[in-house]
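S.K.: These two chains come separately, so use the hints to put the complex back together.
Chains S and R are the protein sequences, given in the same order. First residue of the first sequence: 1402, per our numbering; consecutive thereafter. First residue of the second sequence: 11, per our numbering; consecutive thereafter.
One-sided and incomplete, this derived list gives chain R residues near chain S with beta-carbon spacing under 7 Å:
(1) 115
(2) 128
(3) 129
Computed, partial: chain R to chain S, Cβ under 10 Å:
(4) 76
(5) 101
(6) 106
(7) 107
(8) 131
(9) 171
(10) 178
FYI, nobody ran anything at the bench for these hints, they're computed from the structure. The beta-carbon is built from N, C-alpha and C at its ideal position, and this holds for glycine as well.
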Amino acid sequence: MDWSALSVSLRLAGFTCLILIPFAIWLGRALAYARFRGKGLCEALVALPLVLPPTVLGFYLLLSFSRDAPLGALWADMTGSGLNFTFSGILLASLIANLPFAIQPIQRAFENVPHNLREAAWCSGLSPWQTLLRIELPLVWPGIMSATALTFAHTLGEFGVILMVGGAIDGETRTLAIAIYDRVQAFDEQGAAQMSALLLFVSFVTLGLVYGLAGRRRWVRG
Amino acid sequence: MGWPGAGGGYVAESTSGLAAGLHVAVNQTGPIPLAAEFVCQPGELLALVGPSGSGKTTLLRTIAGLYRPQYGQIACAGNVWFDSDRKHSLSPQHRRVGIVFQDYALFPHLTALENIQVPLRHLPPSQRLDQAEQWLAKVRLEGLGERYPYALSGGQRQRVALARALARDPHVLLLDEPFSAVDQVTRRRLQRELALLRQQIEIPIVLVTHDLEEATALADQICVLHNGVSLQQGEPEALFSRPSSPLVARLLDRHNLFEGVVVEVEGQRRLQWGERYLEVTNGLAELPLGETVTWYLPPSDIVLHRRDRPSLGERENPVAATVSELVVLGGITSVSLRVNHGAILRFDIATHAARRNQLTSGAVVNVSLLAEGIHLIPGHRVRADAHDKRK
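So that you can see chain R by itself, here it is in the shape it has in the complex (with noise of 0.2 Å):
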């Protein structure tokens, strides 16, 4: 097991750009099963997602330092924090890490100054107290210094404990579920908070969420887990588009997962779906004919056939279509379409274009699905690898 990109063993002592930065391998069998690779370079976001369970803060605790995989290696900023070859691992105070707990793990006896104050205790007790309040400034609680953390709102316990996490001038930023105790709109003005804070850092920023549209918005990277397995990273684009298995698009809520079989129509590769040949842009003509290959289409490539005149790729891969069910979430219509087959497919368009198109239950309706947005996965069936582990 090497670093992804790193060729082979891992850059331990030097400083090169590919020591920069975060590299996690670990690997374990039980009693908390791990097998997952990431990297994270600094000043980038990476979210790591995954349900409830699946060992998002297990790897968190791991870099930290405060959970120990049987095998495996991180090394951060150049320096190797746990390498079970060696029997190496630093102890969570030797590691640099800077970590918000979810339920931020203030210092319940200490005022909001004091508990910023714990990790600057290598300073002069002078500057301790100086550098804890322009700390506390950053995070726009001046004034707030003397409250303990009960007197302090959740947003600004949040805020104490990103100071705190900060304060220690850390190598990395781990972040567990940082937003998930607050209400919305604090949640919003802290995401914002965060996403300006980035700016002014430069290590690596890790996050655990399970809010995937948290993670899209402020992921550089995401980093897919199931049973602690890392499953797929990638830039949040790339991954809803081009995931790469079945589970990996259940895990990030895409439908519009569906099996064909390769076929050759008048000397032309096809994907047969139900009667429709589709036309594929990409990775067709590398697989044997007869086989069946499982597909995924991201609900952008679903274009929506206007009524009064013709659209843009309308003779591309045509298929006619029922509406079986309209759901409308404010300025967001989820239309759920029936193909003859009886595969559904699924995709959200703006309500006002859904009443311009007069789309109703039952009403016949015709879309394009876009060869270029087709993304096949082969060697994967929809639904048999519910338990995936194949790393």
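Pulled out of the complex, with its shape left as it was, chain S reads as follows (with noise of 0.2 Å):
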């Protein structure tokens, strides 16, 4: 059984969840409510990665990711190292690969909040903080848990962008869906049953946590 494996799978799907899914919340909001053009531009740029296929992502990201790169040097100049095959360089192209997966449940429960409702926050006297926090965020929450359990459920099962840009460095960035490519080949059917099995467990008891949260809503019919 590859811990290590185990580690840095949870820690990348914590990490992507805690970082993208505030950022998914605002996005996601603004793209429901705001009007402006190249609407549908940043909408296909978010869907993007929906239809790429991971190795696709993971090359243009490994080359984005290189010191060479403005993004790589930028990243270099501000840490002191590298991107690729670092852990930091799989979070981020997590967080890419995620982006429609978070934005999408969540933009699509924010346009179902009806306009009335904040109007009629605002007339009862709610600042627009309050009217996000007692509002809008409790009507949106299955879509934001949705949005968690799917981004989550996909960090621990990606493999082809993390493997394009991470490598299989143990402990940094060898995820255990890439330990479990590397049982295989190594011919330890064993050993990738057990950590296949475990996969399956984490994954399963996180979705159902997370849809158990999403559904316990007593003021919706039925």
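M.R.: What follows is the structure in structure tokens.
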């Protein structure tokens, strides 16, 4: 059993959710409410990781993470280390690969909040922040929960992108999914089976928890 | 643009009688054209009526601060809420409006009591619940406070929305078609309750409706809107008897609009209508001879002559006409009479009176057009101002 791979996977999924979900609430809300030029372009960019093969996405990320590319150079200037084959690199890749999974459910949820509920809140004296916290977030909560579940589960299962930009460095970039692949390559069927069962269990428990949380809404009929 | 009756510039910071109540004057050319002016005094109910798309709801949203027009002023209870000249606009949070939306806009994740507590957040929590329960009792929903909106009927939801609007202790109450989403029995009951509630609150109430009957029944003042333009404001009775233009008459579903020519017969001013010369009590003397003028007659000023005995005012503007249509609507019969030159007079009488007078299609009857009731509308042609935007 490769416990360090499990730890990398959980850390990666956890950090991805922690960073991406607040961002997705901001962007999803903006995309749901605002009318601006280039909104369609923005939505297309968000959805792109959904249709691109992970290897294509990984390839471009690998290129832009290199110290010769602006992004890689900027990162190197700021932190003194590179992005490729580091945990920070696979985290950044995972954030990008998960954009549609985090943003789309939240955007849909905000779109389903009737506009006049916000207006009713303002006319009741609630500030925009209070309206967000007391009216909007409770109403989009199921959307946030399903975005979290999708992002977490998708990160645990991500293989191609992580392998492209992270390789399989023990304790740094080797996730459980990659470790399983390595075990199979090494004809260690028992190890692969154990880890697959573990991944299955963790995924199931996480999704169950998240959907359970999303489902506890007394105010919905039925 | 000043407040009507305020003698020019609006009375902003003072608390004199002029500044009390709600004063609205807004103007813009697009994207939604607006040119509206109206006043609503404390304790008064003003109905904004007009066809859909006439800007009623936009005006209501403008008062609430949810829509910002290009030009204009809005003041309420002595406070200026909006003034385009000074680039001053209070946010909805600071305007103290109570608003009931057409679909009520109750917060679905909060119970009825919690909904009513939302505008009470300035109070300490212990008083909040107490106040909310009092409001719930005032709208007669005791015992339903723990219910979520989905578990309430349409009428109950409307009452929660009303309680939530009033719990804010607003300076103006805005009602956007509040009775349109409920069945007729509930609507009658809610309208009655609103009429009762009005006696307890001394603030201006603005009601948006497309239902003329509702406006007549509930409002002290009616403001007629068309394409965002306020055409006329007045008491329902005055509006129905003296519309300011043929367009207003049509928007108020009035018939009996005709054109006549100002003439002189034997030294007396008369209004020539077809081959008849009508006596008119008011306004005819001021018009130049030969002018074609539009006139309107309220159906209540058409008097049907009884066959058996002479009736009141029989000698006043007698007109013989043929019954062209009789429509019985329960206790009321709508009668259309064709006058010789083709004009159609329309009025309602009690169905039993129609029977007593043996009104049948094709029968010839005599009616009097009361001189007092004839309302001249100079400067407008009957058909020409279908898209009147004279303000």
